[in-house]
Every structure is written in C-alpha cells, then in structure tokens.
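Asks: Listed below are the residues making up each chain.
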Amino acid sequence: MPTVQHQPLSARLAKMAFALTSLALIWLVLLPALGDYPQIRRHIDTMQAADINPSAMYYSELPNLPASEAEFRRIHRDDPGLLWGR
Amino acid sequence: MSQSEPAPSSLPAESVQTPLPPTQWSDLWKLEDWWAIWLGGALLALGCFLALQNRPADFADRYAQLASQTDSTKREAERKALGDTLSKPFKRWEAKLKSWQSNPRETLVGTDSKTGAPYNFVPPITMIFLTLLVAFGFAAWVMGERYIYFAPAFAVVFLLSVVAQILASQEVIKNYGLEYPLWGLLIGLCVTHTIGTPRFLFPAVRTEFYIKTGLVLLGAEVLLNQLLELGLPGICISWIVTPIVLIGTYWFGQRILKIESRTLNMVVAADMSVCGVSAAIATAAACRAKKEELSLAIGISLTFTVVMMVLMPEFIRAVGLDPVVGAAWIGGTIDATGAVAAAGKTLGESALKMATTVKMIQNILIGVIAFGVSVYWVTFVERDRTAPRVSPWEIWYRLPKFILGFLAASLAFSWLHSSVLGGDLLAENVTRGFTRYLREWMFCLAFVSIGLETNFIELMKSLKGGKAVTLYVVGQTFSLILSLAMCWLMLKIVFPDVIQKLNGG
Chain A
1 MPTVQHQPLS
11 ARLAKMAFAL
21 TSLALIWLVL
31 LPALGDYPQI
41 RRHIDTMQAA
51 DINPSAMYYS
61 ELPNLPASEA
71 EFRRIHRDDP
81 GLLWGR
Chain B
1 MSQSEPAPSS
11 LPAESVQTPL
21 PPTQWSDLWK
31 LEDWWAIWLG
41 GALLALGCFL
51 ALQNRPADFA
61 DRYAQLASQT
71 DSTKREAERK
81 ALGDTLSKPF
91 KRWEAKLKSW
101 QSNPRETLVG
111 TDSKTGAPYN
121 FVPPITMIFL
131 TLLVAFGFAA
141 WVMGERYIYF
151 APAFAVVFLL
161 SVVAQILASQ
171 EVIKNYGLEY
181 PLWGLLIGLC
191 VTHTIGTPRF
201 LFPAVRTEFY
211 IKTGLVLLGA
221 EVLLNQLLEL
231 GLPGICISWI
241 VTPIVLIGTY
251 WFGQRILKIE
261 SRTLNMVVAA
271 DMSVCGVSAA
281 IATAAACRAK
291 KEELSLAIGI
301 SLTFTVVMMV
311 LMPEFIRAVG
321 LDPVVGAAWI
331 GGTIDATGAV
341 AAAGKTLGES
351 ALKMATTVKM
361 IQNILIGVIA
371 FGVSVYWVTF
381 VERDRTAPRV
391 SPWEIWYRLP
401 KFILGFLAAS
411 LAFSWLHSSV
421 LGGDLLAENV
431 TRGFTRYLRE
441 WMFCLAFVSI
451 GLETNFIELM
461 KSLKGGKAVT
471 LYVVGQTFSL
481 ILSLAMCWLM
491 LKIVFPDVIQ
501 KLNGG
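Chains as they are written, first to last, in my numbering: chain A, 1 to 86; chain B, 1 to 505.
Next up, chain B with everything else stripped away, as it sits in the complex (with noise of 0.2 Å):
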C-alpha cells in the first residue's frame, strides 16, 4: 500500500516512489507500521495471557497423555477437549457469522437450524467493536489524531463493515465463495459515490492502518512447521510449483505484456499464484502498491475463483482423474482457500483433506512471499538508480516496517506450535478462537476505508487494456498445467500409497 505517513488524517497519498525520510526513534510511536507491530503483538499476548489464564491445572498431564493414545478418534477428542479449555475465554469475541437465505437478521440473531440453538451474535460484534475502537483510538491519539473526532467516525466505519459482513453472508454469496473484502469495497463505493464520503469519517479511514495491523496478526496463523504436514508431496505440490508460477508470472507481465505498474503485476502474480485475497493484501503492503490495483487483483481472482470452484471438480470428473490427485490439483490452482475446500468436498471426503491441506501449506507461503517481495521491492524496483549499490540503511529506511511484526509473529507461534509442550494447542486456539476473528474486522474495515476513498473511474483506469486479466488468465494457465504435472508425479509414481492410505487403507 501507499506510504505510511505520520498520523495521516486525510486521504494518504498514492504514490510508491516518494523518498522516504531517515528513520528516527520518533517513528516507533508516529508511524503506522510500527504502532501495527504494536497492536498486533499487544492482541496476541492478550489472547495468550486469557488462554493460560484459563489452563486447567492439569493441562501438563492431560496434554501428555494424548501421545500415549493409540485410538485416533480418542485422542483427538481429547485433545480438542483440551484445546476448548483454552478457547473458552474467546467466546466474547467468537462471531461466528451465519449465512442467511432471505432474511438479513438471521445472520445476527436467530436459531441454528442444525443444533435447534438460539445465537446472537451482537454482543461478540460489539465486543470486537469495543476491542478495536480502545486499540486503534489509541494508536490515533498517540499519532495526534483527537480522539472525540476518531471514535464517531471509526464507529460509522465499523457500522458500514457490519453492513458489508451481512451482504457477504447471503447464502448464494457466501457458498461460492464472494468474500467480504468485495462487500466492503462495495459498500464504501456506494457511499463515495453518492452522498459522498462526510469528512468527519477521515479520521478513521485508514486503510494501511487496519491492513498492516491484520498483517501482524495474519503472522501468528502463518505456522512455518506445518508446510511439513504433507511431507515432501505438499512441499513440491506447494513450495515448489507456486514461487516458479510466481515467478514466471511476473516476468511475463514486465517482458511480455509490458505492463507499467510493477506493483499490479506483482499483487495480480502472487493473488494468482499464492493464496487469493490474503497473500493480495501481504503483497500489496508488502510492495506499497495502489488500493485500486489491490482492489482490482481481488475482483478478477475472486471473479476466477467462482468458475474454477464450480468447473474444476467437473472437469476432474469428466476426464477419470484419482480425486485426491485432482483434490491436490485444486488445493494448488484455486485461489481462495474456501473455494478449494469447497471444490475439494465436491470430489469425496479423502479429496477434501488434500485439498485443504494442500492449500494450507501454500497458505504458509504467504510469510515468505511478503517478506521477499518488500526486500524485492527496496532492494531492485526502489533503489536509487544513481548509486552503485543499495546501502542496507537504505533497505532499512524503505522496508515496511510492519512487515517485522509480521515476521516475528509467524516465528513466534511457529516457535510455540512445535516446540512448546502444549504449545500447539495454545497457538492454534488463540488464532484461531480469538485473532483471527479481530484480523477479519480490520480487514473489513480496511476495504471499506479502500471504498471510501477510491474513485471508481481510477479503479477502472487500472483495468483499461485488460492486461491485468490478460496476465490472470497466462499466469492461472501456467499454473494448472504445472501444478497437474506435480501432483501427478507426486502422487501417481513417486508416492501412490499416500492416496490408498488417505482413503482408509
């Protein structure tokens, strides 16, 4: 995204190749990235410090106990009876949004047609509210913002992400996997074009903001042990074939297709080949590129999503494919990680499981690919021309600085998931219970802050030549054809026994 700047309480500029100032000790509580390393390490030692606050006393043994379980069945409920001992102080913040036929309340209030129970979900909104409002009220006033101006407008902003979460929980939208990021844009949109965005929302639109703050939070889900999950197969599906489409994408969109904006290419290259609209928006940050090319890149991936979802487990089908080879072939193509799981349930129950655990590894990938682009990015495509060499304070000066926290998050649970005895469940649930619904808020509060700020006649500029399509439609080629011939060497000749024993043998 565009550069930080210093308590910035109007629309931030759009501009990539500004200088930036030399970095001083200031800057560790004016600038946004820093204050997103902040906040982010801040909500993830709170989750910890609840969940361990709520530790059984036996934890220790009863964690023990599972590796001397011989019954799988047995040792997973136990060990997610463990796991829900830990989460149970999340549940203020678990809003868990239910999708919605007809009637837009039901995705708030109403009764699980499954389990017969009553739910409502305002009382975690409000929580998530409230918990966002303290930390990011915070930051603003520390960078200079008043906060009798930030707490109104971060409210109306907060209320139009509420809006965008129940369009997106339509069940038809939801189930073909539209996510919420197009919703926000969209609502935002629809307020700058018509009324006009009010200036006393300005102070809370803070799009950067709220993206590098999810970042770091994004880091504690980005488990490096677990691209291990599907041993070699997952890292040559995963690790291997998506830096080459990566790769190979983006040198085609700079050689071939010629395309000015190197940050386009680069977010279309790494939505396409990495994980959809999450490694859209680490890439986008990571390389400072323009909201409207990060908006762009997620409608045409999210657009693809839609046909690759509905048209691959047909095709897989049609041509007589092992479904857990097609499964692993969907787990690496799909954008989306929901679309995968729901191309891959499509294909059987042993598809599934690869599909998703494929796409999960590749998911992993998203810490790496941040990290090398926004080094990339201040070593090659930012540097001074003039000078012989990139001086590392240069590279210092000009990395994203939130990207640190984002780095030191990944490692820290990674730490934490392998290393730690229970350490596993604590990661797992704190992300997963607690993080991650905080991480969804601000993502949405960010594309709608994106809507509130954009001209959609400069988001369609960004689409003028349809390069960027162009470049989906090579890159997405590319990719399935190599992504196949992995999968079925990986799983086919070098380890045909994985699909027998996914499948019950």
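Next comes chain A alone, as it looks inside the complex (with noise of 0.2 Å):
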C-alpha cells in the first residue's frame, strides 16, 4: 500500500485538488473538444442514431441485440437446415 497516510495534510490534499482539477480539465474540456472533432463526431453521431453501446461488456448489454436474435431465428425458422449444413 502507498504511505501517502504518513505525509502532511497539505500535501495530500494539494495531490487532490490536483487529481481532481486533472480529471475536471480532461473531461470537461479535452474530451468534448475532442468530440467535436469531425471524424470523432461522426463515429459518435453513427454509434447513437443506431443505438449501439460500445462500452457493453456483455452481450446481454447490447440495446441491439434483440434484432439480430430475431434475424437468426427467422432463420432458423424458414429454413431449419441451413445453419447445420442439411
């Protein structure tokens, strides 16, 4: 573990302010200047009209996935042999 306990009050909490205004200057400002970038934007603008999660970490996360289980198994439903090679 850090010894960061063992150092003055002050300084922790001068390493604070700096986390935070660090964190508050990467998010509050680069991040959606970054985002206005038009490439960025794009991507943005593409992922959201077509309601996709990039961050899902699982499928069950995904917004969209209903509509491909739906298209597989109408599928499997009009032609039951197609996916297993009969």
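Honestly, the hints are just simulated from the structure, not real lab data.
Be a bit skeptical, because a hint or two may be false.
Claimed, not checked - On the chain B side, residues computed to face chain A include the following (Cβ under 7 Å):
#1 S72
#2 S102
#3 K174
#4 E221
#5 L232
#6 S278
#7 A339
#8 A341
#9 K345
#10 K353
#11 M360
#12 R436
Stated by the list, open to error - Partial selection, computed: residues in chain A whose CB lies under 8 Å from chain B:
#13 Q5
#14 R12
#15 M16
#16 L28
#17 L34
#18 P38
#19 P54
#20 M57
#21 Y58
#22 E61
#23 I75
#24 L82
#25 W84
Cβ coordinates follow ideal geometry from the N, Cα and C atoms, glycine included.
Given two chains presented individually in distinct reference frames, assemble the corresponding complex, making use of the accompanying hints.
Replies: Now the structure itself:
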C-alpha cells in the first residue's frame, strides 16, 4: 500500500486538488473538444443513431441484440437446415 | 482473485499459493464465496418472482400463439410486448445511464434527444444502492462485520462508483468502448494516491465479494442453448478457434516468454481470446489472480480494443472482404462485446447482426472457460507436488466455491430458456432488465475497491519487461489469422447461403 497517509495533510490535499483539476480538465475540456472533431463526431453520431453501446461488457448489455436474435430466429424458422449443413 | 478469508475487514492477502484450511460447515455462512452464491441466487430468485407476479393471466396462450404467427415482424413485436409485461417491475432498477458531451449532469437527469422524453436515473441508482446495501450489508454482518461501520463505508464506495460511471458515460469515452472498470480503477487510485484510502472505508472495500457475486449473476446470462443460434458456423468460429487461441497463447506465455506469473498469463490469454473485461474478471476469480494482474490485463485489452475497433472495419473495406465474413472475423477477435457491435455497424446492418451474434456465442464460452480454469488450477497449478495425485477432497478444498453458483445459475437459466413454456422471455427479461444492472454496479464497486487498495507502483511492476503486452500482441495476431481462416472457410466455402440469407435473400 502507498504510504501517503504518513505525509502532511496539506500535501495530501494539494495532491487531491491536482488530481481533481486534472480530471476536470480532461473530462470537461479536452474530451468535449475531442468530441467535436469531425471524424470522432461522425462515429459518435452513427453509434447513437443506431442505438449501439460500444462500452457494453457482455452481450446482454447490447441494446440492438434483440434485432440480431430475431434475424437468426427467422433464418432458423424459414430454413431449419441452412445453418447445420442439412 | 486472492483467496477468500472469513470476514476480512482489512486488505485481503494477495498470495495465490497459501494452503487452505479444510472445509467446514460454518464456511457456508462465513466465507464470501458461499455468500456470493446465496446473494446471487436470492437476487435471481427475486427477479423471477417479480416477473412472474406481473405475468398477465393469458401469458401462456399469447406465448403459444407466437408460434403460429407467420409474419416475423408481427411475431417479434408481440414477443417484445409479452416480454415487456414481465420486465415492468424492473423499471425501478433500470439505470440506463445516458452519455454526455460537456455537462456530466446529463448522464443522470435530462431530456432524451431522440424522443424528447424526460429522464431521471437518480431513483433507479438509489434503488440499486439500497438493494446492494441490504444484500452486502446483511452478508457482511453475518460474516462478523459491524453494520454500523459497513453502511457508511459502502455509501462512500458506491458514491465513488457513481463518479466512475459518470466518467465512463462521457460520449467520447463511451463510444470508443472504454468501459467503466478502467474509470472505477482510476477513481480508486486517485483517492489512494492523494489523500490515502481512509481506514473507515475498508469494511466496504471487498473486491472479491463484489466480483464473485457479480459473476454468479453473470452466470444467469450465460445461456448455453444460445450457442446454437448461428448453427455450425458459429460453433466453429467461436467454440473451436477461441479455445485453441486461449491454450496456444497460454502455452506461448509459459514456454516462450516464460512469464513468471501463471495467473497473469492466464488472465491476459482469456481476456484476449474470449470476451475482454468480463472474461478477465471471471478467469481472474477462477485462478485467484492478483488484483494488479486483472487491472493490467483489462488496461491492455481496452487499449487494443479501441485500436482494433477503428482499424478492422477500415482494413476489411480496403481489402474488399465480404462485410458479413469481416463481421464474423470482428466478432471472433475484438475483445470487448460493445466494440464488436460498434465495428460491425460500420460495415452495415447484416454485418452488425453477424458480429454481435458471433460475439454472443463467444461470450457464452466464458462459463466453460471459468470452470475449466478453476479445475485446471486446483488440479495442476496449485496441487501438492509431493503427492502422487490430487485427491478429490483437495480439489474440493481449493475450488473457488462461487464457481458452483456461477455454473448453477447458467444451467438453471439455460434450462429455463430452452425447456419451459415462455421461459426464454422470463430468463431474458430477468437478466437483461434486472440482474444485469446489479451486476454492472457490483463490478464497478469491485474496480473502485481495487483502486482503493492498489499501489500504482505494484501495478507497474506487473508490466515490467512488457511481457504481458508481447503476450497480448502475439496471441491476438494468432487469433486474427486463425479466425479469418475459419470465417472464410465457414461462410464462403461451407455455408455460402448464410450471407445471402442474412442480406435478405
């Protein structure tokens, strides 16, 4: 474990203030500016329009998954042997 | 993750080789592993109970009528409407956080830009907080923690998790697949390395408990019958290539790179070959990897995921590869599930469907991999080398018990999904509408906890020599080659009609 707790409170608070300022600068200034960059904006708009969550960790978190599932249910129903080589 | 101890109120041990005491009956209410099973099971049962309570009286009839509906669009619409009746009680927990551009408040409260409807996620987040506080607080109390210490500590750790989720919801971060575990870790590290983790927080810094309980809930989302969704091509692309890549990468790490930590090797290999962060979490818990190793594996994976998400569709277009074949390739190789959908979308609608379906089948592999790794670890890696063979009792002592809950949840919900009338709707709505949100917050709490007890210098030591990065790059290259060959073989040579059918033919 780090030993920051042995440092004076003022030093620890200063570090905290620095960390918070850095985070605020990145998230409130840098990233919004980056989001206005045309190529990035286009990507974001495409994802949002298609209701895609690129940060989904597991398939159950994908908003568009039901459409894919429905498509494969349709394929299985229309042609049960297609995906099994029959 | 490191071994579970009865009611740890301070930092857990990080050793992976400590001998375990024999199993006792009291383990059932003293160990986090068992509590993960009880809590996970109780939450899944609560979800099923709430859904069934809300089931319309004519549910069975309406469900049976679905089969006779010939119009697939109408059938799916009716199926969704029927499912919505089951998921109605879960709205109270539905914290689908919105992305924000420059005002973080928009992630919680605002007006939907598409529908114009107002939203407020403070009540669902409060509901999730209360549910988790009651569940983990009760378990911690039974394990010997004083609730009066646990509750305020948990509230602070949860608040840090809210901050991590807000950071993760920034639109650039979110749309480039940089998932919340990274920001949970960052927030925790910020506290640890500035003011230092206050001692009063330690009763709620329970990384393994949150992860294991989250994994039991994740087990219910591992619906084994869905691995048949893409038929033979899906099985070959996801279930043949992936284990070969996993084993090949692990072997390379052990024999060629000679990585000192087997657990780091396994977590990076699983993370890269299966499905990114979720696979890393499950495998790390199964082989009791160090927290720093899990953090490192996730960091490497998310970095490469962003690169692959942007470059792979460009490459596929540049070489003129069929978008559906390319999408299957993307599904089999890009680690993160969300990034697969994002990359697939850039190749078109059919490609999106193929990419997400291949990834979904690969996701299901997580159950087999986690169980296989836990058995391999207790049987071969952690075994007593002086003994002629491993006794079944030693396997039982050493097996991380939460894995039983993970498997039981998977088998129970798979059975429900495939064998019970309307069970597919019940399983899907309970897991996607209820337990998924609880699981997400449990993992977020876990990564904030990791940050709160991690020394950044220790984290960097895991990176020493860059072997983990080399392992990832070599493994991913192997995966790219093998997956492309298999996708080409399956979709161009053996099952060429699938592409035509998916394109509406």
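Asks: Take the hints in turn and mark each one as holding or not.
Replies: Now for the hints, and whether the structure bears them out:
1. S72: 5 Å, holds
2. S102: 4 Å, holds
3. K174: Given a least distance of 5 Å, the restraint on K174 of chain B holds.
4. E221: 5 Å, holds
5. L232: Given a least distance of 6 Å, the restraint on L232 of chain B holds.
6. S278: 5 Å, holds
7. A339: Holds - the Cβ of A339 of chain B comes within 7 Å of chain A, reaching about 5 Å at its closest.
8. A341: At 5 Å from the nearest chain A Cβ, A341 of chain B passes the 7 Å test, so the hint holds.
9. K345: 5 Å, holds
10. K353: 4 Å, holds
11. M360: 4 Å, holds
12. R436: 5 Å, holds
13. Q5: Since chain B brings a Cβ to about 4 Å from Q5 of chain A, closer than 8 Å, the hint holds.
14. R12: 5 Å, holds
15. M16: For M16 of chain A, the interface hint holds, since the closest Cβ of chain B sits about 4 Å away, which is under 8 Å.
16. L28: With a minimum Cβ separation of about 7 Å from chain B (threshold 8 Å), the hint on L28 of chain A holds.
17. L34: OK, holds: L34 of chain A within 8 Å of chain B, min 5 Å.
18. P38: With Cβ-Cβ at 13 Å, over 8 Å, it is violated.
19. P54: 4 Å, holds
20. M57: 5 Å, holds
21. Y58: The hint holds - Y58 of chain A has a Cβ within 8 Å of chain B, the shortest such distance being about 5 Å.
22. E61: 6 Å, holds
23. I75: 5 Å, holds
24. L82: 6 Å, holds
25. W84: 5 Å, holds
In terms of the numbered hints stated before, the structure departs from hint 18 and from no other.
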